[in-house]
Each structure stands twice: as structure tokens, then as C-alpha cells.
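Novice: What follows is the residue order along each chain.
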Amino acid sequence: MAQVILETRALGARYDAPDGGDEGHEVFAGLDLAIMRGEFVSVVGPSGCGKTTLLHILAGLMKPAGGEVCLHDEPRVAVMFQRPTLIPWRRVLENVLFGAECMGLDADKERARALLESMGLGEAIGHRPHQLSEGMKQRVNLARALFVQPDLLLLDEPFSALDVVTRRALQSELLERCGKREVAVFHVSHNLEDVVAMADRVLIFGGSPSVVVHERVIDWPKPRARGAEMWALIEELEAAQSAAG
Amino acid sequence: MRVLHPGVLAALASLIAWEGASRAGMLDPVLMSSPARIVKAGARLWESGALAGDVWFTLQVFFASMALALVLGLGAGILMGSSKLAYQVLNPFVVMANGLPKVVLMPWIVLWLGISMAANVFLGTLMASFPVMTSVYGGMRQMEGDLVLLARSFGASRWMIWREILIPSLLPHLLAGMRVAISYTMVGVILAEFFASNKGVGHRMVVYMSNFDVDAFFVCVVLVAAWTVTCTSVVRFFEHRTESWRAGAFDVSAGM
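In order, the protein sequence lines correspond to chains F and C. Take the first sequence: its position 69, counting from 1, is numbered 69 in the numbering used here, and each next residue is one higher. Take the second sequence: its position 131, counting from 1, is numbered 131 in the numbering used here, and each next residue is one higher.
No lab work stands behind these hints, which were simulated from the structure alone. Certain hints may be false.
Said to hold, decoys possible - Facing chain F, a subset of chain C residues (Cβ under 10 Å, in silico):
#1 Asp28
#2 Ser157
#3 Glu164
#4 Pro168
Glycine included, C-beta positions come from ideal geometry on N, C-alpha and C.
Required output: the full structure, derived from the provided sequences and hints.
Specialist: Here it is as C-alpha cells:
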């Protein structure tokens, strides 16, 4: 039986009113979620529905307004943000080591070097971030997250600024590496094509405050070919999203 | 083929023109020295050792003022940049003090601290703190919140966030503030020595001019200028190194 790695119970988020009054904005409330080890869960929904807020709460970067987040068996968590967020004064290799240094893990340079080489970044190891293309930066970002050997990976639209070819290459890289180690992935996105290509389960957020209005399991094998079946599913999810408002 | 840097070439041309004008009798020798006379006077003062104690005194005041200005400017800049309340409380004082010509406080400083090294350090520090503080404050305002978020997402400790993100982010701003502060400190230190000191290069300049020794006076001017340029160049060197981090650091004169 699949093992739950992350669970939320009656989770709620709220933004305070700008004037500090009682009238805040309730982003979502009563959210119950469970993510299994090795499962890839994507959340989609309109802008402002609370996808990124939820990810920040799961990452421990924000406190929830209510409810709780339960992490089972102390999983190692890594986050990939929308922007590559590389540290400008660190070279590529040092950027990859950064997460491990923060976590107090073994920052083995040889292992980082091998990882970068296997991801096609061997020649960029000594480069500074500003010398890299957007695609390479996001690849380094992925390498940094994978280097800590996470059990749970939180992705905040990491491919949104990339061209189609780079985006697909990075998706394959991510799926292959996460699949091998049974990494659970929580992914928020606007892009249904990305979602359908990678997710085992899709949650659609909608309403105000947001709730999960639609859930769809996608049990197709990976990697997935982009064919008629996939486009039909995208249309189905688009319809569900439109119905949710 | 370029033999010399254009700046060096311009400086050499100015020196030659100055020396030529002096030798041609176009400059009053009582009021104006010449490069050759300055070199001669420099050699005289070096051999006699008359200026060494004063140079050492001024350097001590300069370093003490810079060190205090760095501590105060960095502390106040970080405080104002990280706390809205601190900014609201301190900003009116900062605006007022920044607009005030600090040298007008010299009589009060002397009354309070007497004719002493402390009085000179006080004015030097006062002059230098503001550029450091405003630059560090600007750095705090431009801080990349995403980098802090990234470090926090990996569970970095507060100390690690300061050491790996905040301090390196502030470094270019601190260096820019220091570069401006070097000239301000020197102005403060020399002015203080003019008015309230019986030692130092500034004091010695007043003495030389009282004795109409314009050559020795210009030796002091050259020393002060050389010291300021050297310190500024050292800071500029480190600034260049930090600029290599940034994608936006490009040569604006390229292609012109």
C-alpha cells in the first residue's frame, strides 16, 4: 500500500487587509490533501486561487491561518521556484551545493560535479549565473533541488518562462530522476499541457475561498506521447476549470 | 598602438604645462609652486623627517574615522532598511543631519572634546557615516527577497542567511558607500586638523602657508590626494570584482 508522505488537515490561508482591519481575504479553507510517496500531484486554478500560497505553506515558508500540515517520516523537502533564483556570486557548482549546505548535509563536490555533467551542464560548472541561458539556469535550479536527494519536491511553475523544447527536455529529466527515487512531487501550474504530461493526479482549485472542485487521476505510463488522447484530457480539464469559475 | 592610458597622458601633459608656465615666469613663485619645486621640497621633508609624525597622526585619524563610520553607517543602514519603525524614527534626524555642513559643528566639538585626536576622529566619522549609511540602506531596499526565501526553503539558519545571502548582497552597496566615504573622511580629517589640532598633515599645511612655504604646502596636497586616490582605487578594485556577479554590469562606453 502506498505510503502517505504529506497530509493537510482542514488547512486554511488568509491574507490580512492592507489597513490591518478585520476584513482580510480568505484564500482557501478546510483543505484536506494527501500525497503518496512517488506520486506526482499537480494543482491548477485561476490566478489568485492560492496555489503558490499553498506551496509556501507546505514548504514551511508561511504559517497557515488554520489547520495543519503533517509530514510523515521526516521527509527531506526541496523547492523549485518559478524563477531560477540562483545566487549571483556563487558559481554553478557552488549554487548546486547551496541547498545541502543549508540543510547541513554532505556537500560532496564530486557528486555535484557528476550530477551536473549527467544533466548536460558539465561545461557550465565554473560559470556564474548571469553567463547562463534561462533554460540552463532552470536546469541548475533542478540540479540544486535534486542534489539534496529530496523525498518531496515542491514545484512552483518552474517551466513557465522556458521555450517548448527546453521545457519538454526538463520535464523528461525531472520525471526520470524523480521516478527512479520515488520522489513525491507537488506541482502548481497554469499550464495544462505540462500538467497532463507529468501528473499522476490533478487537482483543480476554484471558488472563493478556493476549494478542490475537481480531481482527476491520470494513470497513463510515462513518458507520455502528445497525441489525441492527451489533447482530449486537456480539454476535459479546461472545461472543469471553466465550470469552477 | 596605445602606449599610455589617456588619463595618464592628460596628467603628464598638465604637469608639463604647469612646469613650463612656472619656468616662463607666468606664475607668481610666492603664490604658486611647480612640479619640480614640489619634488625638491618633498625630498627635503623626507630627509629631515619633519612630516613623518604628522602623516602618521593623520593616517591614524583617517583609519579610526573610517572604521567607526563603517560600523555606524552599516548598523544604521541595516536597521533602517530592515525595520519600518526604525526608518520612521531615524529618517527625520538623518535628513536633517545629512543636509547640515558638518564643519559648522567644529567649535562645539572642540568645546566638548578639546584639541585632541578624538575631536578630529569625531568630525571624520560624522562626515563619512552618511554615505555609508545611505548606500547600505539602498542595498537593503533592493535586497532580493527570493534569495532569502530560497535559503529558508532549504532550512537555512538565520546566521547562514546573513552570511550567505544578506552580507554578500550588501557588499557592492557597502563598497560604493566606502568609496564616497573615503573622500568625505579625508575632508573631515584635514578640516579638523586645520582648526583644532597641533598635529597632522592639515595642521602642517596651515603652518607651511603661514611661513609662505608654498612648496611644502603642495607636498601635503599631493600626499593627501595620493592617499585618497590609492584608497579609492583599492575599493574600486573590489567593486569591480563584485560587479562580475551581475549580468547588468556592462561597459557603457563600449562601442562609443
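Novice: All hints are to be evaluated individually against the structure, with a verdict given for each.
Specialist: Structure-based check of each hint:
no. : hint   : result
1   : Asp28  : 55 Å, violated
2   : Ser157 : 8 Å, holds
3   : Glu164 : 7 Å, holds
4   : Pro168 : 5 Å, holds
In terms of the numbered hints stated before, the structure departs from hint 1 and from no other.
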